[in-house]
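Chain by chain, the residues run as shown.
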Amino acid sequence: MSCPYTTLPASSFWRQAVAERSTSELDPHLTARLRFGPDQRIASAGSCFAQHISRALKARGYNYYVTETAPGYLSPEQEERFGYGIFSARYGNIYSTLQLLQLLQRAFGGFQPADQFWTDPDGRVFDLLRPRITPKGFVSMIEAEADLKQHLRAVRKLIETADVFIFTLGLTESWVSKLDGTVYPTCPGCGSAGDYDDARYAFHNLSVTETTGYLAEAINLMSAANPRLQIILTVSPVPLAATMESRHVMQATTYSKSVLRVAAEEMVRRYDNVHYFASYEIITNARNAGAYFADDARSVTPEGVARAMNLFFAHFTAESAGATARSTGDGAGQRSAAPPAEPQIVCDEDEFYRALAASRKS
Amino acid sequence: MDTELETVLPVYIVGDSHSLPYRNMVFRERWTGAWVMARTKYIPGATAREFYNPATGEFHPDFIAFLEYEGLVRNGRATHLSMDEVDFSIAKAVGQAVRPPLIMITVGEIDVRGPILQLLKDSHDFVPPFATTLPLLDKPLVPWDIIDEAIEARLGPFIAGLDQLVQAGFKRVYVQSVVPPTRQEARIRELQKYDCPVSVRTKLVQAFNWKLAQKVRSVNLFMIDRWSDLTEGDLLRPEFDFDGVHLPPKGARLLLETLIDHAIDSRGLVANHPRYELYYRMACGLDPFQPAKSNAA
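Going down the list, the protein sequences come from chains A and B.
Numbered by the numbering used here, the letters in the first sequence go through residues 1 to 362 in order.
Numbered by the numbering used here, the letters in the second sequence go through residues 1 to 297 in order.
Chain A on its own, in the form it takes in the complex (with noise of 0.2 Å):
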């Protein structure tokens, strides 16, 4: 009998598919079982990350799904304020796999947290759960849980209706309610809505079980109710803007990032509806030495997003890598000072972290 790694083809090898290839031409995908088309509905959801892919599809002509639409006649500032169209729904960031889950479980039925809304000291309410999804937060009451309703059921229709939901997976360090468990996107009271308090908010880091049971939770309760519905996973490559574990914030990430993989490897084992893009090892392989990435080593350069959107519409789509990597001029090329000219994209963990930086500076 001859070794079977005799047999393996050259992607196996990481001198010949890593080693011996340029940078622009890293490619960690085999052919994806999954395609979809411009005619598909397309929703996401996810981290900041997640919406350079809804950003993405847009540009290219996609059918980007979105149940739950800007009025007409908003400027596009307008509708980016509101947060409108930036996801599939108005959700905001959904950095863990359990703050997936609990959403889908409001959204059919199953959860209504007890700790939602927080009023400031001008009467303004907030959604904690969304908290910029209005910027100066909602006019009453009233309002906040009429737009909550109808967030809910557009959240429903969007997994009823759609083909293919990407989720991209932020983070499994979290902020939770000591009364229910509800989990928060940021931590109450840091950088957004919300008055932290230590008897009502517990921090919790998910285990890979946890992270991996909630995933799959998750994964159930959108394949009930949309059967046809296709899966794609990815992780966001962005490290952790601030660790609240009493280690280095490196450690942290790496802890947080692995996690994750493994729980988004497990569902693809698991279930032929769910697939899996390699965002993380786009960006974040060796080979790269940290190329696509700003000089803050946290931001992903305009050149590693294109690189890695133009991988992903390479195997999800008949489009061909080496001409929309052409067309759109991407590789990894000199590390940018900034990731400057993109769109501003919208995420409550950075402005948690810079609402931190400022009360340091006061």
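No wet-lab data here; the hints were simulated from the structure.
Accuracy of the hints is not assured; some may be wrong.
Computed cross-link-like contacts, PhoX-like style, restricted to lysine-lysine with a CA-CA straight-line distance of at most 25 Å [stated by the list, open to error]: (1) A/157 - B/139; (2) B/211 - A/136; (3) B/139 - A/149.
Using the hints, position chain B against chain A.
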């Protein structure tokens, strides 16, 4: 044959087509029995947004033309405050009031029915920041802040213009509230080329008036409103639905009576010190248009 001459209190009503129901309206006001006469100017397509341009400081040309035609402005100044001999002589000759004139501006309905309503159409509803009896439909919501921004964009220039009028001495300017919209859905479809439920349209007018009243008050002026008389359950009473857009003259009369009531109750606003000065100097046998001699001279 001697004919008894009676003075008439003119009310100058200028603006969009909602000024039309006042045309040729004459009646005796209920407190003193004095004649009130509406003098109107219809400016086709007049909107709050285009009433005044804060960037250039210019009013709608038809509005200024109307004030000039009525003798309320001459050489760019309010004639009732003018110390100019010619203005004084004209006022004396025509027996014109030397008080700030009563002016009512009718704009806003086109602003509401045009760009703001398009945010809602038949697809959305919204929650206003005040209590209303109108239902909240089971439709996606336009956040109030977006509605607020849209109204603000229309009212900002208008209120800046009102402020300019007050600074120029026109302290008895009134603004007519936007009238409750028709219940006739077919008429709206005909006018707008799209559907919009009456509860949503009416709520939007309420919201516009809510903001308009606050802003008009902020420049020490007053909005004329008879919502509770014109509506039933917050919807336009059928007897006041004239043509699907305007009030019938009897509805306009209600609003004008409110203006007169307010004007009578607000006599403090009519103080006209420059004119009192002129009359005082005349009564003292002095030439009112020659400066008084200084003691030091």
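Hints versus structure:
no.	hint	result
1	A/157 - B/139	holds (14 Å)
2	B/211 - A/136	holds (18 Å)
3	B/139 - A/149	holds (10 Å)
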